[in-house]
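Asks: Protein sequence lines correspond, in order, to chains A and B. Throughout the first sequence, residue numbering follows our numbering, covering 165 to 564 in sequence. Throughout the second sequence, residue numbering follows our numbering, covering 13 to 403 in sequence.
Any given hint might turn out to be false.
Listed next, the stretches of chain A that the computed footprint assigns to chain B, with coverage defined by at least 3 CB atoms under 8 Å from CB atoms of chain B [stated by the list, open to error]:
(1) 461-473
(2) 479-488
(3) 513-527
No wet-lab data here; the hints were simulated from the structure. We treat Cβ as the ideally placed atom computed from N, Cα and C, and that holds for glycine.
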Amino acid sequence: MDFGYTTEQQDLRQEVRKFIDENVSQGLLDEMEAGEEGGRGPEYRELVKKVADKGWIGISWPKEYGGQSGSRIDQYIVEEEFMRRGIGIGGAGSGAPAILAAGTEEQKEYFIPGMIRGEIIFALGFTEPQAGADLAGLQCRAVRDGDDFVINGQKMYTSAAHYASHIYMMCRTDPDAPRHRGISIFLIPMDTPGITVRPLWTIQSDPPAPPGTTYGMPRTNETFFENVRVPASCMLGEENGGWYVGAMGLNLDRVGASRYLISVRRDEDIVNWVKENDFNGYSPAENPAVRDKIAEMWTEAQVCRLMTMRSMSLVNRGGNFTYEGSAEKVWAPEHGVKTTEAIAQMLGPYAQLLSNSEENIEDGLFAHNLMGSFQSGINHGSVQIMRDQMARRGLGMPRG
Amino acid sequence: MDILPSEEEQMLKNVAREFLEAEVSTALVREMELDGLGYPPALWKQMADLGWLGMSIPEQFGGQGLPITYLGLILEEAGRVMAPVPLHSTMVAALTLAAIGTDQQKQDILPAVSDGSMVLTWAVQERDARLIPDAIELDAKADGDGWILNGTKMFVDNFVVAERCLIAARTSPKSGSSQGISLFIVDPNGNGVNQTALVTLAKDKQSRVDFKDHRIERTALVGELDEGWPLVEAMLDRGTALLCCQMVGAARKDAEMAIEYAKNRVAFGRPIGSFQSVQHMLADMLLHVDGGEMLTFEALWKMDEGLPASVEVSQAKAFCNEKCESVVRTSQVIHGGIGFMMEFDLHLWFRRVTSWSLRLGTTYDHRARIASALLDVPGQVRLGMPLPMGV
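With the rest of the complex left out, here is chain A:
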């Protein structure tokens, strides 16, 4: 057991912090605050190129595809430092693990270097209007036509679709097979004719959430596919084997700095806030009930961190998850909700003041967090589904 970082890793962290201080431009901050492209507009892409030149993106990915064949822990350090400034960088959550595991040589050579340079960004096309938690019920069809597939259907909550270069989507390729065995994954350029993206505005869109909000994105999308013709080479993994590729990819993509930080930054926020602020002389930090709650939440947050470290350790050893990824995806989101609501009760009526209100705190951060924190327990597999997986895959419980 080793709960610490090596000297080299500590140096890496310092170097990344210094790099961020020197290279995050006002333009990028403005771009992120505008929130138009989920913080991934032109300024973001500029930054990614610079970070890629440092060799800091996809550190754990193989050298032959532009990574460093390095440590997953090093990659995590880079991800964490950028995430703490609200910038998603480093390689987690990108779809890369699934491409590396299941992709053809050609796909790996095309996608991985492009992702490292920030030129390839995926939107995720899994959910459909009638297939959310029960994803295997998806109906979006891909029908073979010679060397092509023709896709028709609709995907929901494709959050990055309006700025992504590609969509990483699940389609039904065999409607007669058992549900899980008739699904394939496709990696499709967003500029393919027949794809239409329509915005869906979230409850954070009016007024817009301040930077640093938990799930403060104003916009997601629904994406329509009408006779979208793509070559069969767009398929990732085997035809009708997509369910398993997707499940594995999701599990690996859950691992990383992002999920954990989303859920624990609130704990840091409130401690730092009460230490530096008060209400006309009264500090909630004087209240024994508040102190007890802050300590409880802080302890739970440590468990979020440790679960992430456990997943990192497993991945770094080349091991497989049984339940650990799902565990992280239960604990962190539920913690995020608990702590967000507890903080709101500490701040009282101030915590309901939105970003455009007079007298708000931290530009309305705590109010907007109340609208965002619970989203973490819903997206990418709800906490209920995750508990099912823990019990069935982790503990061997029979299906109902």
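Knowing the structure of chain A, use the given hints to seat chain B on it.
Replies: Same frame as chain A, now just chain B:
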């Protein structure tokens, strides 16, 4: 950064589990609940021969000088089978002496601990059971070259079988930065020392200990006179982290029994483990045991690295107090009525984990310590990084 057990650590865990599961049956656990000593000396000797009692004692005193993390793994496995041995109390006192005792004290005691011939314990709490200096009133009055002890210690583990006991006593009133507390070694069989058995949920050996004009010599003092409180705190931290090891070991075994039961118990025509409500209870049990285990071993690891670990210890205990308790209670719920029948073994674990959750600091005590570290020292906090230190 690799928080999973190393190959060597895993091997130690496996060996410990194999030995303990073979040697410690629930029949033995029940027998020892009624036994005068509360432990089988033969088993204790075997554990000494395996090198466990000297595991984290320095080599020059008959031990192996291994990290406390290793000892933690042994205690976790001991907790798993509820091994009825005075391992925890002996190790807490021994490691304290190893850290701060005089050479003579170490020479007199540690080799005997390592070879299994001496059981130790320690006593801090009194009737006001808070683990703070103000609650310590046991009076140690200077008397020539020694001291005379008068007062009462509470909740002392294994006092009936211990040959030495470390006690925190008041040698001076609190003044300035000094708490006026000193740490001494006492002989439980000495004149003017009387123990009264307490009957605990765990049905283990705990005592109230009354000192009446008990005289100790100069050589009984451990550390500096009046400056014993930081030593007591370090002892409590070590003891608390090691107790958490027992709690997570026991809670995990208890959870495993619920898992097995849920797979096999049929109701409404199918195993109850196929019901989502039961599945989600089991998933939560897993989250809670894993969380407690990771917090605990992070605290022990920090001790081994010589880093401040008090906040980590309190995180572990505050969490285990609630979550390990929740695990064993949930296991009772999944087992239904049979779970609380005397003849069924499950309550052996429930009663111990519950009892342990009330020792060495309540949830509120530990959270108060965490809150103070977070809120009462200036400077920004960041999770996963050292907290700002006071001046």
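Asks: Confirm or reject each hint.
Replies: Verification of the hints:
1. Figure legend: the stretch 461-473 of chain A, annotated as covered by chain B; annotation consistent (10 residues with Cβ-Cβ distances under 8 Å, at least 3 required).
2. Counting residues of the stretch 479-488 of chain A whose beta carbon lies closer than 8 Å to any beta carbon of chain B gives 3, which meets the minimum of three for the stated coverage.
3. Residues of the stretch 513-527 of chain A lying with their CB closer than 8 Å to a CB of chain B number 0, which falls below the three-residue condition for coverage.
Figure legend: structure checked against the earlier numbered hints; the only hint not met is number 3.
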